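So you can see what is in the structure, the chains are spelled out below.
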Amino acid sequence: MKDRTLSRRDFMGAAAAIGAFTVVPRHVLGGAGHTAPSEKLNIAGIGAGGQAASDLRHMESENIVALCDVDWRRARGMFNRHPEARKYRDFREMLDKEDDKIDAVVVAIPDHMHAAASMAAIKRGKHVYCEKPLTHDVSEARVLAEAARKAGVATQMGNQGQASEGTRLMCETIWDGAIGQVREVHVWTDRPLRGINDVYWPQGVGRPAETPAVPDEVAWDLWLGTAPERPYHPDYMPFKWRGWWDFGTGALGDIGCHSMDPIFRALKLGHPTSVEACCTLVNDESYPVASRVTYEFPARGAMAPVTLHWYDGGMKPPRPKELEDGRAWDTNGTLFVGDDGKMLGNRLIPESRQTKYGKPPQQIERSPGHYVEWIQACKGGKPAGSNFPDHAGLLAQVVLLGNLALRPALKEKVTRTRLMWDGDAMKVTNMPEANQFLQRTYRKGWTL
Amino acid sequence: MTESKGSITRRAFVRGAAGAIAGATFVPGRAFGANERLNIAAIGVGGMGAANLNACTAENIVALCDVDSDYGGRTFKKFPQARTYLDYRDMLDKEGKNIDAVIIATPDHTHATIGMECIRRGKHVYLQKPLAHSIYEVRTLTEAARKQGVQTQMGNQGHSSDAIRMLYEWIQDGAIGPVREVYAWSDRPVGGDPWSDFPIMARPKETPAVPKSLDWDRWLGPVAYRPYHPIYHPMSWRGFWDFGTGALGDMGCHILDPAFWVLNLGHPERVEAVTTHYQPEVAAETYPRASVVRYEFPARGAMPPVKLTWFDGRLLPPRPKALEPGRRLPGNGALLVGDKGTIMHGSHGAGGVRIIPETQMKAYDRPAKSLPRVKDGSGGHERDWVRACKDGKPASSSFEYGGPLTEMVLLGVLAMRLKDATLEWDPVNMKVTNNDEADKYIRPVFRDGWTL
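Respectively, the protein sequence lines represent chains A and B. Every letter in the first sequence is one number past the one before it in my numbering, and letter 267, counting from 1, is 267. Take any residue in the second sequence, note its place counting from 1, add 448, and you have its number in my numbering.
Since the hints were made in silico from the structure, they are not lab data. Keep in mind it's a predicted model, so treat the numbers as computed, not measured. Each residue gets a CB set at the ideal place from its N, CA and C atoms; glycine is no exception. Honestly, I wouldn't trust all of these hints.
[As the list claims (entries may be wrong)] As a list, the in silico PhoX-like pairs of lysine-lysine whose alpha-carbon atoms are at most 25 Å apart:
no.	chain 1	residue 1	chain 2	residue 2
1	A	K379	A	K101
2	B	K769	A	K413
3	A	K97	A	K123
4	B	K755	B	K879
5	A	K101	A	K382
6	A	K427	B	K769
7	A	K321	B	K879
8	A	K321	B	K755
9	A	K40	A	K382
10	A	K321	B	K867
[What the hints assert, rightly or not] Have a look at the derived ranges for each label pair, beta carbon to beta carbon:
no.	chain 1	residue 1	chain 2	residue 2	range
11	A	P208	B	P766	33 to 43 Å
12	B	K769	A	T441	27 to 37 Å
13	A	Q51	B	G622	55 to 65 Å
Let's have the full structure, built from the sequences with the hints guiding it.
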């Protein structure tokens, strides 16, 4: 009954949209699934609250024709902002009903649903913008990237920094040889902490015992999606799902695709040869309070092998001597250690060295903006900077591989050896039981 | 509580009066005959104190003191000839000349006040590690022991081990070349055993009744009053800033002991720490779930500067490349990284010390033993102190050594407290030169009525 009411309202919304924006469905335009540059894309949001709202606001040069969210409390803001958009709870239903009306989707839902939602869209030939990390599991990232390549759709992962001037300066400075060969990189985040005296979401905690009622406007079963059945609890949603193995990808998954992206580009990294980690006491429910993950990357052409250390939960590398007294040693950062100097973020330290060095020669084209890149790609422009097949798929696989080394089931073994990684075969070669964590089993009724 | 205190004191007085007459043969500084026994008293006998006493049963155990007659009760029963006390000052007053030496194994926050009282009275002292709760206390104890000429031993029993001496000889021999980096770690505060799991929490709000057996006020000693709670005593006090010294204070005197000794590290120039703390009410009360502390030591003679990194809460250094697959980093241990190789060892005096990889260990032509060994190694640590009390030659980890080791450890604890800052250390003036907030932790204010 309720659904029918909503559908009616949705239908009204659709009518209004047509009236206001003179939408021409994609199939009418013909061609290879691309909207002409002069036309507007018809975009659907899978996820409408939180980060989805933020992403969709960047897409408002286009038509936002449908919005889907399992939590209509959180979606209300976007629903009100786009009254013309038809509203859904289940993205599968939305894709069914809107198939001929949408060109592209923005996927900004909890990590455990990224792959299922993105894949459903790709299978229908839709362009996809998906939040970082691309997926929850290593294998999902690979499968999704391959599917995007085959479908020829335009894709972009939501690591906005990839389009920035800072990323370009970092690459160009390193490629210019400003600090010589880089053999060591440290990258750290305060998350799940927020600074040193607050927390974004808890980790290192056990499963809540209480089973409060599901709020009226939450479709809990749809929120669970591919994850194993468990009772609703506000400790999971909104937002705090990041700390739970079943739903999120911890601090590393949340921030790794942001902060490791420029490192990947600057050092032209591919798959690592090994990964090793330590962390505070960890359980089967949530990610540890703090961790350190160490990746070893082989030489790439003339670039030397490099060790990359990831830290989270307030951990960070030692303050470098080159950093002047009085300068903050921030709770988030990237430190490149080269044979001829160090870079903090995209600047040489001390600052006097950067001043002396000036600016690197420009080698990379500047971006019109992270969201615009994708919109242009959807309309037949060149691939976006963090498209799945060429970049985001690999980056996400490597980031997520770090979480394997934190798995409680493997902790004892990880004290005895590093995980040796065969990137091409996508498997851990010296610890077969680790490979089960490359791909979860989806709950019945869900497939990739 | 009052009733309990009264009854214990009465009983102690009766026993004390009887025993004092029989055993009053002590002359300070006297020479001991070969078969003469030392008269030993112990303060804090429920936990480590019991173990320390068991190593000294060849001597006369004349008096025992514990603020908890239940927790200390098993030990009281084990030494029925010993007079028992609730208050160490009472014991020292009444036993006076009966006692040659005192074993102290109370919580960290009372080490200094008790230790000083014994030293002032000319008693030899065996004091559990860490030597004290604050750097000022450690310095004061060390200087007082020197001035009084008493024999001392800190309870880092690994310092009596054969392994730590072997490590010393290897380093002297240049087995791994000059050492520039040290990594050390402990799985505490979540070691998984009752004694190695410390609470991480805000100050408890409930105020349950104090058990009849416990004198809570005396347990608190010099620390600001707070209501009793069972989370503090026994054992879990280690996790609270006011009482314990955390994983680093608990284990650092064991795990950092080998590097501190064989590399003659002395005072660091600077120290910085990061921790997992974030909730102010928790951070103000207990040690963090995990921390990383980084020390920098200057060059010492021909030895180059050393960077020492401490990890706790199950954080570890990156796995050394030299360590063969399948070999585990111990739960508590250290790596000494030299220009020509790496040495790995476990806790309590370089236990299981090896050059890694094993091929390099096997190829190493070990130097001849040059250092004398302590009889019975780690297990002989208490008896080495007894020996020192009798022959006047310092014990293996006298305060002259244990003091500076503990100061270094406690400087790391201070850095955890003032996390996310680089502290510049002036050891002569016991002053962090770039952070005045440190002063109140270096020399804490005692509760009224308590002094060093």
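Hints versus structure:
1. Taken as a hint, the K379(A) and K101(A) pair is honoured in the structure, with Cα atoms around 16 Å apart against an allowance of 25 Å.
2. Annotation: proposed proximity of K769(B) to K413(A) holds, straight-line Cα distance about 16 Å (limit 25 Å).
3. A C-alpha spacing of about 15 Å is found between K97(A) and K123(A), which places the hinted pair at or below 25 Å, so the restraint holds.
4. Restraint check for K755(B) and K879(B): satisfied, since their Cα atoms lie roughly 21 Å apart, inside the 25 Å limit.
5. This hinted pair checks out: K101(A) and K382(A) have alpha carbons roughly 24 Å apart, not beyond 25 Å.
6. A hinted pair counts as satisfied when its Cα atoms are at most 25 Å apart, and K427(A) with K769(B) qualifies at roughly 21 Å.
7. In summary, the hint linking K321(A) to K879(B) is supported, as the alpha carbons are separated by about 22 Å, within the 25 Å threshold.
8. The suggested pairing of K321(A) with K755(B) holds, with an alpha-carbon distance near 12 Å, which does not exceed 25 Å.
9. Taking the CA atoms of K40(A) and K382(A), the gap is near 17 Å; set against the 25 Å cutoff, the hint holds.
10. Straight-line distance between C-alpha atoms of K321(A) and K867(B) comes to about 18 Å, which keeps the hinted pair within the 25 Å bound.
11. Our hint of 33 to 43 Å for P208(A) and P766(B) holds, since their Cβ atoms are close to 35 Å apart.
12. The hinted window of 27 to 37 Å between K769(B) and T441(A) holds, with their beta carbons roughly 36 Å apart.
13. Checked against the given bound of 55 to 65 Å, the beta carbons of Q51(A) and G622(B), roughly 58 Å apart, stay inside it.
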